Amino acid sequence: MKFIYDFSYLTTKIHNWLYLHCSNLWVTIWEMVIVGLCILLLFVVLGLTFVYMERKVAAFMQLRLGPNRVGPKGTLQALADTFKLLLKEGLTPSASDKFLFYVAPFIVIIVSMLALAPIPFAKGLQMYDLNIGVFYVSAVSSVSVIGILMVGWSSYNKYSLLGAMRSGAQIVSYELSAGLSLVAIVALAGSMSLNDIVESQRTGWWIFKGHIPAIIAFIIFIIAGTAELNRAPFDMAEAEQELTGGFHTEITGMRFAMFFLAEYVNMFIVCAIGATLFLGGWMPFHVGHLEGFNHIMDFIPPFVWFIGKTFFLVWVIMWFRWTFPRLRIDQLLTLEWKYLMPISLMNMLLVALIVIMKWHF
Amino acid sequence: MRFLLTYIKTVFQSLGSLWKGMKLTGYYFTHHKEILTQEYPENRSTLVFGERFRGEVIMTHDQNNEHRCTGCSACEIACPNGTIRIISKFEIDPETKKKKKAIDQFVYHLGMCTFCNLCIVACPTDAIKMGHEFEHSTTDRKSLTKILNKPGSKLMKGVEE
Amino acid sequence: MNNKEEIEDLIDSHEEDFILNVGPQHPSTHGVLHLKIKLHGETVTDVQLHMGYIHRSIEKMCEASSYRNFIYLTSRMDYLSAHMNNQACAMAVEKGMALEIPPRAKIIRVLMSELTRIASHTLWWSSAGLDLGAVTPFFVGFRDREDILDIFEETCGARLTMNYNVPGGVMYDIHPNFQRRVKEFMKKFNKRHHEYDELLTGNVIFQGRMKGVGYLSPEDAVSNGCSGPVARGSGVSCDVRKWLPYDGYENVQFDEILETKGDCFARYQVRMKEMLQSAKIIEQLIDNIPEGDFQAKTKNVIKLPKGEFYSRVETARGELGVYIISDGSMNPYRIKFRSPNFCNLSALKHMTIGGKIGDLVAIMASLDLIIPDIDR
Numbered sequence: 000m001k002f003i004y005d006f007s008y009l010t011t012k013i014h015n016w017l018y019l020h021c022s023n024l025w026v027t028i029w030e031m032v033i034v035g036l037c038i039l040l041l042f043v044v045l046g047l048t049f050v051y052m053e054r055k056v057a058a059f060m061q062l063r064l065g066p067n068r069v070g071p072k073g074t075l076q077a078l079a080d081t082f083k084l085l086l087k088e089g090l091t092p093s094a095s096d097k098f099l100f101y102v103a104p105f106i107v108i109i110v111s112m113l114a115l116a117p118i119p120f121a122k123g124l125q126m127y128d129l130n131i132g133v134f135y136v137s138a139v140s141s142v143s144v145i146g147i148l149m150v151g152w153s154s155y156n157k158y159s160l161l162g163a164m165r166s167g168a169q170i171v172s173y174e175l176s177a178g179l180s181l182v183a184i185v186a187l188a189g190s191m192s193l194n195d196i197v198e199s200q201r202t203g204w205w206i207f208k209g210h211i212p213a214i215i216a217f218i219i220f221i222i223a224g225t226a227e228l229n230r231a232p233f234d235m236a237e238a239e240q241e242l243t244g245g246f247h248t249e250i251t252g253m254r255f256a257m258f259f260l261a262e263y264v265n266m267f268i269v270c271a272i273g274a275t276l277f278l279g280g281w282m283p284f285h286v287g288h289l290e291g292f293n294h295i296m297d298f299i300p301p302f303v304w305f306i307g308k309t310f311f312l313v314w315v316i317m318w319f320r321w322t323f324p325r326l327r328i329d330q331l332l333t334l335e336w337k338y339l340m341p342i343s344l345m346n347m348l349l350v351a352l353i354v355i356m357k358w359h360f
Numbered sequence: 000m001r002f003l004l005t006y007i008k009t010v011f012q013s014l015g016s017l018w019k020g021m022k023l024t025g026y027y028f029t030h031h032k033e034i035l036t037q038e039y040p041e042n043r044s045t046l047v048f049g050e051r052f053r054g055e056v057i058m059t060h061d062q063n064n065e066h067r068c069t070g071c072s073a074c075e076i077a078c079p080n081g082t083i084r085i086i087s088k089f090e091i092d093p094e095t096k097k098k099k100k101a102i103d104q105f106v107y108h109l110g111m112c113t114f115c116n117l118c119i120v121a122c123p124t125d126a127i128k129m130g131h132e133f134e135h136s137t138t139d140r141k142s143l144t145k146i147l148n149k150p151g152s153k154l155m156k157g158v159e160e
Numbered sequence: 000m001n002n003k004e005e006i007e008d009l010i011d012s013h014e015e016d017f018i019l020n021v022g023p024q025h026p027s028t029h030g031v032l033h034l035k036i037k038l039h040g041e042t043v044t045d046v047q048l049h050m051g052y053i054h055r056s057i058e059k060m061c062e063a064s065s066y067r068n069f070i071y072l073t074s075r076m077d078y079l080s081a082h083m084n085n086q087a088c089a090m091a092v093e094k095g096m097a098l099e100i101p102p103r104a105k106i107i108r109v110l111m112s113e114l115t116r117i118a119s120h121t122l123w124w125s126s127a128g129l130d131l132g133a134v135t136p137f138f139v140g141f142r143d144r145e146d147i148l149d150i151f152e153e154t155c156g157a158r159l160t161m162n163y164n165v166p167g168g169v170m171y172d173i174h175p176n177f178q179r180r181v182k183e184f185m186k187k188f189n190k191r192h193h194e195y196d197e198l199l200t201g202n203v204i205f206q207g208r209m210k211g212v213g214y215l216s217p218e219d220a221v222s223n224g225c226s227g228p229v230a231r232g233s234g235v236s237c238d239v240r241k242w243l244p245y246d247g248y249e250n251v252q253f254d255e256i257l258e259t260k261g262d263c264f265a266r267y268q269v270r271m272k273e274m275l276q277s278a279k280i281i282e283q284l285i286d287n288i289p290e291g292d293f294q295a296k297t298k299n300v301i302k303l304p305k306g307e308f309y310s311r312v313e314t315a316r317g318e319l320g321v322y323i324i325s326d327g328s329m330n331p332y333r334i335k336f337r338s339p340n341f342c343n344l345s346a347l348k349h350m351t352i353g354g355k356i357g358d359l360v361a362i363m364a365s366l367d368l369i370i371p372d373i374d375r
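Protein chains in written order, with numbering that gives the first Met the number 0: chain S, 0 to 360; chain R, 0 to 160; chain Z, 0 to 375.
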């Protein structure tokens, strides 16, 4: 069971076994196939878990029970929903731009899969350790706005167009603040590679070590991340009460399921990046150089730490959704350009000062 | 300088108001005794109704299958939309050997009833009252037309005065 | 966008505006209402109202019924203030008969009306939160409304369309548990009203959506015939319970809430404070219900003398007027209802032009319309 604590035992074993039986080219191809299958499995599991979690969290915050009939305590509800979506007819409006309409869901799914690449799920369990990990994730997740604009335009529907336009403006603005808040941690850690950032938190998580600027950066990141995901309180683009569906008014059936799934996996990615950079990724809770305490914390496997932190951030984002009303589109953009952006820039200066003077722990 | 101070104060005040709202939902999330959901089909045996609950109109019969309806049609006149129709017949009273009007069928259209209670208030002999049955949905329209007096029942003695 | 010339400029100049249909089936129009909005980008330049989708000819049906029998139909007009609608009709018929109702019946009517007002404002608060995107206030508000509806079910027999007020008084005496349950509810209510403030009123996002949006000047409010919280939010004092007290309101102490700002947030504040005033009225009266009859004796068949009779009542949304023209027979010749929502809706155009779509939703939420009352 040693591989629970360090997955590189398992991965090197599989790599050596493949090496014995195939040539170099086939080893690469088989490894890519295995990783691809794991990602698909992850997508499915994440989709089902988050759908169930969202409904249960919403229900408990609203004084009700949530799904409790399908399966024990309602756990099979997500499967029932998927089955229902599979059976629905996939309508295509006759006057729509067919090529864009078909391609759009694939773009959002591909972007979500790409952004999962550098995230370290546990020690040794990482798809590819890019040396520009943070930058890569930021850049790739911007491409998803193209998918939304495509579907909004090609639906040939006024509501969809309005929703897509709003969404485009919103995502493009909030990427700036999200990126700048990540820069704060990159400056503190000294590297953009996610593995290095996690290793640098061996003596304590950055949210505690880089006191004030790290906390400000964390709050800004959570707010900007929620806005990036088109989730309440920033979900003007799909506001039911005003636009009866926004940019996904005309999508039905499995296509809708793909957008839905991509949104949940994006939420996982944003929370995973937040957990990795601010809360230590798979690193257990260490305090400075207290060897005894750190050793006790090490008993819990890193995988459990990572999942715990990510799901905690996911719960916080769901908490936002079910408490606050929606912001109007111009208030949303005001919040970004007049409040979050100047504060992020000041924060960046503050972090630079702290790194130079070595005033962090 | 003042602008900067108001700016920072705005930021902190906003965050404070947001946190107050979040505290409330966080409280509801953790305290499950506040949950109000009643699990409906399973709790049928424990449902409590007030005695005046307006379910549907029923005619009370006692153990001897007798009712109190004299066929006076006060409820039929009081009903605003013709839900009640009384069909009466003449029968010979065995004691006094006289012809008397009695009720043959009390037709009640459940599909048209608005549950306004005017018929119950108008009845002089307390023959009808509101029952507590609320699950009236059915797949057959004919079952919504009900005959309220049970077959073989007759008027209780001493009701008309 | 409050400058008159700017707004007129905006309406006349653009040809490439597009028209959006909001409704009749739409999650936020509180009923079946069809609005045709002309949009220039995100800004609204024109609003046309199409109503009549739920016209059920209630006034015509009333002509075919007798004076006792038409009251149940009015419960279905403004179904959230059902008691007050029935009270207005019963009062009009009593005026025609020149009948004085016993004091116990008057106090019971006042108690039921104020409970209905709290229930109606609670539902309004829940759906205002829902329209603006916050889903949790919906459940929190309905929890309180459930307590009130349970009280109604015990005394009147029904929860929504009560038909409890009859010409002469009320249909049944109050249930023995009524006073105890109302007192328990009042204790819980004051604490829960504080929760409403925490969840929505103090929230910076909510205030940003409602403050400065949908300004209605007092002159526009009066010229459109607005009444109720819509007019009181612009500073027009028009509470029927204060100006022309009826049925026991003469002896009750309460304040009329007026706000001067005239925007959505002012109307919101008026309704929140009115809930507390209703609670004050109930607490004054619940221990002092006089003994006596609950219904005055009337003939079996009511016939009004020839003439015209008008009665007015303050429902949760404004002033409801019932106008009966009688020709001496058993059925009324003509009944006309002056509905508060119809006049409140006509002020929509003044408030919306120049704002954004998001503002339209906030304005509809603050107007608190019930569409079946507009179409009857």
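In case anyone wonders, no lab produced these hints; they're calculated from the structure.
For clarity, every value in this text was computed on a predicted model and none was experimentally measured.
Where hints are given, some of them may not hold.
Below, computed lysine-lysine pairings styled on DSS-like, alpha-carbon distance capped at 27 Å [claimed, not checked]: (1) Lys-157(S) / Lys-348(Z); (2) Lys-182(Z) / Lys-241(Z); (3) Lys-59(Z) / Lys-37(Z); (4) Lys-22(R) / Lys-186(Z); (5) Lys-32(R) / Lys-94(Z).
A quick look at each hint next to the structure:
no. : hint                    : in the structure
1   : Lys-157(S) / Lys-348(Z) : holds (22 Å)
2   : Lys-182(Z) / Lys-241(Z) : holds (25 Å)
3   : Lys-59(Z) / Lys-37(Z)   : violated (36 Å)
4   : Lys-22(R) / Lys-186(Z)  : holds (23 Å)
5   : Lys-32(R) / Lys-94(Z)   : violated (51 Å)
Violated hints, in rising order: 3 and 5; the structure is consistent with all others.
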